[in-house]
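S.K.: Here is what each chain is made of, one letter per residue.
2 protein chains.
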Amino acid sequence: MPAERPKADTPDVRDVPASEPRDTAEELQLALGMLTREMRAAASGSGVSLSQVSVLKRLDRLGPSTASELAHAEKIRPQSVIATVNALQAEGYVTRTPHPTDGRRLLVSLTPEGRAFVGERRRAGHGRIAELIAERLTPAEQRLLAEAVPLLRRLAEH
Amino acid sequence: MPAERPKADTPDVRDVPASEPRDTAEELQLALGMLTREMRAAASGSGVSLSQVSVLKRLDRLGPSTASELAHAEKIRPQSVIATVNALQAEGYVTRTPHPTDGRRLLVSLTPEGRAFVGERRRAGHGRIAELIAERLTPAEQRLLAEAVPLLRRLAEH
DNA sequence: TATTGTTATACTCTATAACTATA
DNA sequence: TATAGTTATAGAGTATAACAATA
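For the record, the sequence lines run as chains X and H.
At position 127 of the first sequence (counting the first as 1) the number is 127 in the numbering used here, and the numbers step up by one without a gap.
At position 10 of the second sequence (counting the first as 1) the number is 1010 in the numbering used here, and the numbers step up by one without a gap.
Keep in mind that the hints were calculated from the coordinates and are not lab data.
Check before you lean on any hint, since a few could be wrong.
[To be verified] Using C-beta positions, here's what the derived DEER-type ranges look like:
1) X:154 <-> H:1089: 37 to 47 Å
2) H:1158 <-> X:44: 13 to 23 Å
3) H:1119 <-> X:112: 51 to 61 Å
None of the values given here were measured: they were computed from a predicted structure.
Glycine included, each C-beta is placed from N, C-alpha and C at the ideal position.
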């Protein structure tokens, strides 16, 4: 269905290369929003939500961690991470065990089921994004993206 | 699609450069989540939410658009974009005007206030992300990121 | 008193379902 | 019938505030 107005279907901002921080930021912000929605939608069918997957992967990397440590790593509030951990515990993917020396702390750990989920997820290619990368980018573009992703990590870190 | 290579089960994923789609995807996914939270937190103080900013910028690029067109561009449902447009209209940043030939459609347009907001935002450097890019990346890294961002756009597009 | 974990509550964002008006 | 817009409602995700237990 063609539009009746003389309006281009594609954004015409592309004639200017995004070479300044603010241009890069604008492009990145739009892409981020859309990719996040894409991932959330793709995850919604799998029984485990996006934030839950993120916490499971974090536990797989960090090992048993307290709620505060997870919150710091994810850059969200402890109260927020607790909601996610509660859901994961209810589904049997994590357990809470007392900290050996500090009675205030509880260590959150992956259960065998949780570990299996992360492994399965990794073998399957980490969901929608890996599919998109493999489908839509040439090998050279994939290499460029792989070089740029650590920069995004740096931006996201504390 | 590149050939599948058997991947050694290394204990720490961070030691391996992200060179395959699934590794790139995993890193990207973590960075995306954190950056999105960072942006949302930074936007929350400015009186206009992240999704509202996104729609305003979209209108600035596309010109007057219907709710369906905005929804298609943002990759969300028309019902969802309407909630955002309602909020923007209540704050005086957009107006709705009848479509000249199709009585079913309403064109959403930026008001002068809305246009001023986008311009101000652009001059200010598009918020937190631009700050982070300028602060944390060398010029060479900024150029690399600028090259990679269009690839993210490609991944996010329809 | 400071820190950790937690519950209660609210707001943002997006989805699905159902309705109205126009083509 | 099909399409555009809308309202009502629900769920995910995260925030702040307040509280209990432990250091």
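S.K.: Hint by hint, say whether it matches the structure.
M.R.: Now the hints, each set against the structure:
Separation of residue 154 of chain X from residue 1089 of chain H is about 38 Å and conforms to the stated range, judged on CB atoms against 37 to 47 Å. At about 19 Å, the CB distance of residue 1158 of chain H to residue 44 of chain X agrees with the hint of 13 to 23 Å. A C-beta distance of roughly 55 Å is found between residue 1119 of chain H and residue 112 of chain X, which places it inside the suggested range of 51 to 61 Å.
Violated hints for the displayed structure: none, as all numbered hints are satisfied.
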